[in-house]
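Quick note, the sequences are listed as chains A and B, same order. Residue 407 in the working numbering sits at position 407 of the first sequence, with consecutive numbering throughout. Residue 82 in the working numbering sits at position 82 of the second sequence, with consecutive numbering throughout.
Hints are computed from structural coordinates only; laboratory data are not their basis. For every residue, glycine included, the Cβ atom is placed at its ideal position computed from N, Cα and C. A couple of the hints might just be wrong.
Partial list, derived from the structure: chain B residues whose beta carbon lies under 7 Å from chain A [stated by the list, open to error]:
id, residue
1, L49
2, L52
3, E84
4, R85
5, N90
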Amino acid sequence: MSMNALLSITPWPTLSAILWVVLLIAVLYFARHTAHQAIRTASGALSNALRIASHSVSHAETRLGERNREVLLAAGREAKERIIEREFMRVGETVRKDLANYPHLHRGLSEAIGQIEKDHQDAVEVPPDPPGWVRAVEAVSKLDAKDGGGDVLADMHKSIVKAHKEAMEVYREASTERHELLRAMMPRWRDVQQLLTELDKKAESLLSRTAGVDRHMQEYEQIVKREDKALSVLSSSSLVQFFVSAMVLMVAIGGAAINFTLIARPMAEMVGGTSFIGIFKTSEIAALVIIMVEISMGLFLMESLRITRLFPVIGALPDKLRVRMIWITFTILLLLASIEAGLAYMREVLLQDELATTALLRGSEASIDNGFLWITTAAQMGMGFILPFALVFVAIPLETFIHSLRTVVGLAGIGLMRALALVLRVFGNGFRHLGTLTERLYDLPLFVPLWLESKRVNDRNGSTEVPVEDLREVTP
Amino acid sequence: MKRAAILACILLVACTQSAHVARNTGVYLLLDTSGTYRGELRKAEDVILYTLSRLQPADSFAVARIDTGSFSEKDIIAKTTFDERPSVANAQKRVFALKVKDFIARENSAQYTDITGGLLQAVEFLNEKGTGHKTILIFSDLEQDLDKGYVRNFEVPFAGFDVVALNVVKLRQDNYDPRQYLARLEQWKGQVEKAGGHWRVVNDLDRLDGML
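Chain A on its own, in the form it takes in the complex:
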């Protein structure tokens, strides 16, 4: 029905319009209660659904957080156990090495001390004999000189002087000997001092190691007790490890790309330059496969050396088998590196061949003899040989990256879920308020009948209060 038809129900369009408006308001007024219920039901349903979804996401976020916490603590515990185990092994190694030497050290010290004691005893000064002649000299001196006392005294004097000389010589010799003994004691003292210094250093080293073990044990206890501090440290450490390992991996990817460039071209000589697998050249895929095999061999080598622990099966192999695996992977790597060096050389040869052909096709047959060509050839070969071995070490950042990735993904998941729960909650509340707003907007054109209704109710009740039912209807 067109607008003209609607306005032509009476001869006057304005009157027709007024009639339609009145009719419309009447319809809306009589349908008001049902319409409000419908709006409330719809908005309530949407709001409740979103709130339930928000609760569900929050619950999932909590569970993910708990799971992340468990994983983080387990990883931290394992890492700490490894560190403590290694520290104990180092302490054990130090103790074994030093204590194995202890009997020898003890014997050396005892011998040195015994020798010093003996030398000390030998070096004791022997006191000179008491003067036995003194009384005899006094008795003789009381005799009269005529009785021959003077001659006796003279003889005695001579004898005393002679004895004194001899005694002095003996004393000097004894003193010299004592001094020699005392001088011989010096190196022994130094030996003892040196031995004690060494002992002190070793004891200090052990003490510092034990201090480290104590620190690690404290951290381990914190992890075992599931303390928040430990969790925070582990989480932060995991994030740092993630970014550092990602950076190193990027560098490794750059190395792999250079490696790929070195061998992709000569690979066309082996597998043909025109065959494709899907949309990729077979030669490029072959080059990529070689690089991937090298990285895989590097991983196995690192696993066999027990530097990384990505494959527990390899770590748990018997030592004999593990050592055999080390040699096998190393040999394969060596072969692949040699092949790459050969391919790098081939690349240079092909490049020169292509340059010569291009020069011929351009009409310039004369080629400049480059005397420094061997440098680039050697450099390419060297890179071709070294890069496979350099790629072996990718295993270490890769392991760290994989382990830290779990935590980072968990943290990102928690963040996302938290944001999603918030958005759902906001939308849930928004729908509830939207329902209220829609009810208000519905009532807006009905202000005249609503006012009349309110007035009628007030007149009937003799009060100006708003009906309870109306309040209930518009209250969100």
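Given the coordinates of chain A, assemble chain B onto it according to the supplied hints.
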């Protein structure tokens, strides 16, 4: 086990498909050796060498002359399908270049110009090679001059072919009436495009980048 089997099947299908989809290029170059065009052959050598430098292993290339009756294998001066190994392909290119140089040095003028026969021979050759992209280069003034008895008023199947006319020089009479030149170009264009081919004209031989 089941997953491995599915993966193997996918890989096999991919490999099979890759074997069927030809990605190489086939180029057939027709050289006009008629008296009016004989002097332009030196330029043709440059075009051939340029084409050789652009072609890759497994591509096919043939150079043939346009003479009185061009629908013949005898008119092919040099032809080759480059080896898949780049080093061998380079050696083939060098040999090809020498053959072309030798031909241009000793070639005599042809009495008549059978362009349609040459085009048909090119189509036959490239279809037989089964290359992914097929390009026919015509180094000619496009003035066809048939001997008595040669029937060439039929449609050549150009579907899937790029036909590039190179160095279409203006003849003396074209200068008197340029409409003849334009009509000649239009006639060949119509003939090629009517048969499903794609027609182009490249007269600036210093800008051959988009030729192939």
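Exercise for review: May I ask which of the numbered hints given earlier this structure violates, with the numbers listed in increasing order?
Suggested key: none
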